[in-house]
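Chains A and B supply the protein sequences, listed in that same order. Letter 186 of the first sequence, counting from 1, is numbered 186 in this note's numbering, and no numbers are missing. So this note's numbering is basically just the index in the second sequence, starting at one, shifted up by 1000.
Treat the hints with care, as some may be off.
[As the list claims (entries may be wrong)] Here are the simulated DSS-like cross-link-like pairs (lysine-lysine), alpha carbons at most 30 Å apart as the crow flies:
| no. | chain 1 | residue 1 | chain 2 | residue 2 |
| --- | --- | --- | --- | --- |
| 1 | A | Lys234 | B | Lys1014 |
| 2 | A | Lys480 | B | Lys1054 |
| 3 | A | Lys259 | B | Lys1054 |
| 4 | A | Lys581 | B | Lys1007 |
| 5 | B | Lys1060 | A | Lys476 |
| 6 | A | Lys333 | A | Lys395 |
| 7 | B | Lys1014 | A | Lys333 |
| 8 | B | Lys1054 | A | Lys272 |
| 9 | A | Lys476 | B | Lys1007 |
| 10 | A | Lys476 | B | Lys1014 |
| 11 | A | Lys480 | B | Lys1023 |
| 12 | A | Lys217 | B | Lys1023 |
| 13 | B | Lys1054 | A | Lys484 |
| 14 | B | Lys1023 | A | Lys574 |
| 15 | A | Lys574 | B | Lys1060 |
| 16 | A | Lys30 | B | Lys1054 |
| 17 | B | Lys1007 | A | Lys412 |
| 18 | A | Lys476 | B | Lys1054 |
No wet-lab data here; the hints were simulated from the structure. Bear in mind that the values here come from a model prediction, so they are computed numbers and not experimental data.
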Amino acid sequence: MKNGYWQKMLRVDLTNRKTSVEDIPEKDLKRFIGGAGLGAEILHRELPGRIAPYDPNNLLIFGTGPFQGPPVAGGAKFSIVGVSPLTGTFADTAAGADWGPSLKDAGYDFLIVEGASEEPVYLLLVDDHVEIRSASHLWGVNSFDVVDAIREETGDKRLSISSIGPAGERRVAIACIAVDKHSFAGRCGLGAVMGSKNLKAIAVRGTQKIVLNEAKKAGELIKRYRQEILETVKANGFREHGTPGLCETAEGLGDMPIKYWAGDVWPEGAKKLGAPHYTEVLNARPLPCKYCPVGCHRAISITEPLEYAQKGIGPEYETLGMMGTNLLIDDPKAIARANEIANKLGVDSISVGAMVGFAMECYERGWVTSKDTGGLEIKWGDPRALIGLVDQIGKKEGFGAIFADGTLGAAKKIHPEAVKIVVHCKGLDIPAHDARACISLAPTYATGSRGACHFRGGCEDVEMGGLYIPELGISKGTVKFFEKENQSMLAAKCQDFFALLNSLVLCAFMVDGGGMSLTGVKELFNAITGWDYTIDDLMQAGERIFTVQRMINIRDGYGGETDVLPSKMFEPAKEGFRAEKIIPFEELMEDYYLLRGWNEKGEPKSETLARLDLVR
Amino acid sequence: MIEVSVKLVSIFAKYQRGRDTSKVTLKEGATVLDLVREFGLPEDHVRIIAVNGKQESLDKVLTQGDSVFLFPPAFGGG
Chain A
1 MKNGYWQKML RVDLTNRKTS VEDIPEKDLK RFIGGAGLGA EILHRELPGR
51 IAPYDPNNLL IFGTGPFQGP PVAGGAKFSI VGVSPLTGTF ADTAAGADWG
101 PSLKDAGYDF LIVEGASEEP VYLLLVDDHV EIRSASHLWG VNSFDVVDAI
151 REETGDKRLS ISSIGPAGER RVAIACIAVD KHSFAGRCGL GAVMGSKNLK
201 AIAVRGTQKI VLNEAKKAGE LIKRYRQEIL ETVKANGFRE HGTPGLCETA
251 EGLGDMPIKY WAGDVWPEGA KKLGAPHYTE VLNARPLPCK YCPVGCHRAI
301 SITEPLEYAQ KGIGPEYETL GMMGTNLLID DPKAIARANE IANKLGVDSI
351 SVGAMVGFAM ECYERGWVTS KDTGGLEIKW GDPRALIGLV DQIGKKEGFG
401 AIFADGTLGA AKKIHPEAVK IVVHCKGLDI PAHDARACIS LAPTYATGSR
451 GACHFRGGCE DVEMGGLYIP ELGISKGTVK FFEKENQSML AAKCQDFFAL
501 LNSLVLCAFM VDGGGMSLTG VKELFNAITG WDYTIDDLMQ AGERIFTVQR
551 MINIRDGYGG ETDVLPSKMF EPAKEGFRAE KIIPFEELME DYYLLRGWNE
601 KGEPKSETLA RLDLVR
Chain B
1001 MIEVSVKLVS IFAKYQRGRD TSKVTLKEGA TVLDLVREFG LPEDHVRIIA
1051 VNGKQESLDK VLTQGDSVFL FPPAFGGG
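Extracted from the complex, chain A is given alone in its bound form:
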């Protein structure tokens, strides 16, 4: 078959130490594309019902799509699917660096890990060679050092390695999966699932080249798109400044979290944290993933003060929000230190920042005292509190251990009123975009299949003028701030579009910032697969993928009654761009359900399932 897929899935059973290679039917790929899409379908099929996240029967599904294999700009990405220990339902998380293309080059579209090993192990996949190797000597090693250790002991410096740090080993529910000391599958705690399987790392390399349907045409498109994206991101500042360039815009529009969502404005803080100041004081340069012309990640170099000195990976916008304005901390070097600790211990920088903000509010309210924290004062604006607490949470030690089951889990232990102030949906902490500013985020967060996520949508970037998708009728002026018109349509279309992107798998920054069009995505998809999809076909696939994820949510007990926002999202600002504005939540949700073809309980109607070819 010349369709850009091997149609091969490697299954590793860690309980019985067995591996097998299975065929993937083309019809499954045509319906669910790959990545988070086929991953969701597999999870739905193979898990009979709700499952405890640390049950050995939980799956870790590593998925690629047709955009891995050829040197596609933005094709370094891959998706990981499983049941989240934070939410107890569907999770998909994604990362870049080198791992996705490497799995494809090894001869597989998908890797499924099931069961649990009795002893710590890591997987070594090099072309046909599949080996389960002891990792007892690597247990406890941080997520960066383990990459070097595995490359050293195998003698293979070109291995791409996904790994967990101590947080995943100790089942901290926000544990991430780190990739090549560069990128992070951050959200939803699938690193803890990997730890529960005693799986320390997966090291991959391959030499096989996938066959494309129209290789010459695909090659020309790939070359042209890479050049066009490069010119775009040089012109618009994205390459030079990366995501930190967003800070002052976001703060100015009331979108950045301030003081755990209780604050309204802080332009001085955003200016210090964001670019161009960030670029200057952290000596930041682009750090691209494989094939990428954007280089959004930041390589940083800090020499003083000594306590913050490092050469490494810099914090992104989300981290600057959740560890910065969210905590009233405006020192990017201090945040870079906390980010480094989070990366190496292996926790999601968004959720850990949220946890520290929650802890600071509890401290302010007197629900937590320095007696509880062993003397660590958790005060607003104090980088020592941030750094100290991130370290404790990542190691599951001291006061930080209370966060092992997530912010909600900690709240239940701290104070009877504490659960009410947690800012989350389905147990996933809301990231650094305020739904009170970008109201299309309201239905996006409430119905998000992995919980509150802006990047299973991207609608806030449409509202803030960064992302337009004219093929879907989404352009300048489609939505206006705080006005209901078209906001639910925007939320739903963006969810479907990003579901598609996470299945192809294509890094969203090619489109969002890089200027690649949906038409361009379609042209390349068809050149690779030969399937001649229209834009409607692709978007229907996205909607089908989102709907399967929704079906998993419903099966796991997350239906319409959990399509809610936390109470802070209904507290209006007193000043700033969103002063006195309140989200028209019920109207947005009513429009959203109607557009989705869901009933009043938030369940897809039978005619919707039939239209999407999801009738079982």
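Assemble chain B onto chain A, guided by the hints.
Frame of chain A, contents of chain B only:
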């Protein structure tokens, strides 16, 4: 003539070129687009505009004392 203030932040900050953006003189009847051109900003990058804290468009006519925030496009929300 009218006098307005303009906020140029993030990747737009370099377009200030040392000028005092708290006092910008424009002709009577000038629009936001005239202000954008005054500072040489790439017009297609100016998509979100606030005048006195309210969202407006490029053709909004400015008046004395208006406070204008020209937001750089927001991508990279991740």
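Tested hints:
no.	hint	in the structure
1	Lys234/A <-> Lys1014/B	holds (15 Å)
2	Lys480/A <-> Lys1054/B	holds (11 Å)
3	Lys259/A <-> Lys1054/B	holds (24 Å)
4	Lys581/A <-> Lys1007/B	holds (23 Å)
5	Lys1060/B <-> Lys476/A	holds (15 Å)
6	Lys333/A <-> Lys395/A	holds (22 Å)
7	Lys1014/B <-> Lys333/A	holds (23 Å)
8	Lys1054/B <-> Lys272/A	holds (25 Å)
9	Lys476/A <-> Lys1007/B	holds (21 Å)
10	Lys476/A <-> Lys1014/B	holds (24 Å)
11	Lys480/A <-> Lys1023/B	holds (28 Å)
12	Lys217/A <-> Lys1023/B	violated (54 Å)
13	Lys1054/B <-> Lys484/A	holds (16 Å)
14	Lys1023/B <-> Lys574/A	holds (27 Å)
15	Lys574/A <-> Lys1060/B	holds (26 Å)
16	Lys30/A <-> Lys1054/B	violated (46 Å)
17	Lys1007/B <-> Lys412/A	violated (44 Å)
18	Lys476/A <-> Lys1054/B	holds (16 Å)
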